[in-house]
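Peer 1: Given next are the chains, with one letter for each unit.
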Amino acid sequence: MSVSVNIQNLKKSYQKVKALKEISLDILPNEIFGFIGPDGAGKTTLFRILTTLILADKGSVRIGNYDVVKDYKKIRQITGYMPGRVSLYMDLTVEENLKFYARIFNTSIEENFDLIEDIYNQIAPFKNRRAGDLSGGMKQKLALSCALIHKPELLVLDEPTTGVDAVSRKEFWELLKKMQKKGITILVSTPYMDEAALCDRVALMQSGNLMTVDKPEQIVNNFSETLISVKTNNMYRLLGDMTGFEGSERVYRFGDALHLATRMKTKQIKENVHRFLSEKGYQEIEISVTEPVIEDCFLALMEKPTG
Amino acid sequence: MNQKEPIIEVTGLVKKFGHFIANDHLTFKVYRGEIFGFLGANGAGKTTAMKILIGLSKPTSGKVVVADIDVGKQPERVKHRIGYMSQHFSLYDDMTVKENFRFYGGIYGLSRKQIRERMRFYLEKLGMESFEDMLLKNIPLGWKQKLAFSVANVHNPDIIFLDEPTGGVDPITRRQFWEMIYEASDNGTTVFVTTHYMDEAEYCQRVSIMSEGRIEALDTPKALKEKYKAKNMNEVFIKIARNVE
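Chains as they are written, first to last, in this note's numbering: chain A, 1 to 307; chain B, 1 to 245.
Among the clues, some could well be false.
[As the list claims (entries may be wrong)] To give an idea of the interface, some chain B residues facing chain A are shown, with a C-beta separation under 8 Å as derived from the structure:
#1 ARG102
#2 PHE103
#3 GLY105
#4 LEU141
#5 TRP143
#6 GLY167
#7 VAL169
#8 MET180
#9 TYR182
#10 THR194
#11 ASP199
#12 GLU202
#13 ALA241
Keep in mind the hints are simulated off the structure, nothing from the lab. Idealized CB from N, CA, C, for every residue including glycine.
Please work from the sequences and hints to get the whole structure.
Peer 2: Set out below in structure tokens:
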């Protein structure tokens with residue numbers, strides 16, 4: 001009963017800017033599918049086409065058996081959409097917002113209460129507070145409740161966790177997993193690379209292109225270089241000294257370490273790096289092989305020309 | 001951190017809105033040239049505290065000294081000594097790059113000549129000389145962000161305050177931005193920064209973590225990871241913010 005989404009050769013430009021450069025993609029029923037990429041990647045444009053808010057220049061999208069252009073009314077009934085700029089009425093209370101969205105869809109808070117119960121319990125203590133006075137995390141939860149109030153089959157969430165702190169983000173993802181268990185297909189976009197691991201499959205997006213589409217663990221497996229982590233007593237100077245190091249594909253800061261991607265033999269590059277750093281007078285040198293994460297893969301893919 | 005000379009000294013800072021206590025006796029120091037990460041959950045009171053530090057809001061009680069100026073008493077004076085960049089970049093979209101520099105430089109009382117020199121210096125450094133007469137709205141986000149940082153630095157402030165400066169930009173641009181932060185710090189500018197990216201917390205020399213109006217932890221990332229037996233700052237953050245709930 002869960003819906004699939006089929007996107008074919010989708011193209012969209014705004015004057016000279018190519019927001020989507022011919023994208024094709026199939027999203028399976030009941031998946032949590034993530035669109036990962038920075039601002040300007042095309043995530044919001046894609047979501048607006050899927051939710052029938054704008055028309056593509058070319059290509060087609062089907063959600064279940066419905067076409068986004070021909071059957072737009074039907075699609076609006078089965079889709080819950082949470083836009084990036086929070087879609088709440090800031091001068092209405094928590095409860096008034098929920099009632100408002102319920103009535104638009106000809107339903108009531110009570111009718112589908114089981115669906116939003118978990119989330120609603122978290123925001124219930126503030127039900128008489130105006131939405132504008134809620135913290136960022138609470139606003140997101142209320143907006144999610146509003147998007148779910150009509151029991152959609154497809155949930156489209158545009159950067160629901162942007163600007164939300166690490167704890168609230170974690171809670172938000174736990175809620176999404178619960179929604180998935182109720183049979184909903186979930187499309188979610190995020191600029192936080194670490195959230196990719198929480199999706200069933202992801203598309204890494206950049207400048208209107210899909211750089212890759214796969215399971216997050218598979219994207220990591222496909223990383224073809226060796227990744228070396230380097231730490232020293234002076235991390236700032238280290239980046240300057242290591243940039244362009246012989247045998248490195250790229251060198252960049254990563255958390256408390258420096259990452260160096262290479263195609264050379266591990267033993268040899270480790271020795272080379274160690275010798276170089278010792279000669280430069282660094283201390284507390286730690287060099288180890290490390291597992292790539294999605295952000296390492298994203299940085300590697302960004303260098304490849306896409307067309 | 002040059003001889004640990006404090007540039008920000010906050011003692012017993014309290015800020016109340018009615019009965020709500022947004023900042024509950026904050027006491028901390030930031031040293032000259034330091035990169036100080038000011039972290040906390042949404043609603044923990046970071047923005048409130050930052051507004052007081054930059055002279056936009058008055059403390060209910062307590063003392064805040066920034067660059068030797070008592071901010072509670074002389075909020076206007078402090079503004080000349082600091083730069084501020086918000087998450088929305090605070091540049092004017094319908095003005096050109098040059099006009100933005102002139103506008104902000106003028107506010108800070110710089111002469112035409114000084115503004116021109118500072119602008120040339122930054123545009124050259126960013127490789128953006130050809131952008132001088134472009135409207136801000138036609139410039140991509142990542143560039144805009146680097147410009148906003150340069151404009152916030154136009155009057156050579158002692159301290160620069162950055163409120164979630166890297167939201168939404170790609171991983172390469174985010175790293176380039178942090179290189180600019182390091183460079184400013186190397187030149188003696190103190191950097192006071194908030195972020196939700198926990199890997200960026202690792203780039204700070206010291207970080208504080210706020211929860212429910214109080215500073216729950218303040219130390220180097222390394223010391224915090226050891227203390228909370230966490231493998232990265234994300235774990236530290238979640239442990240602290242979860243504990244106090």
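Peer 1: Let me make sure I understand: some of the numbered hints might not hold for this structure. Which ones are they, in numerical order?
Peer 2: Result: hints 1, 2, 3, 5, 8, 10 break, sorted rising.
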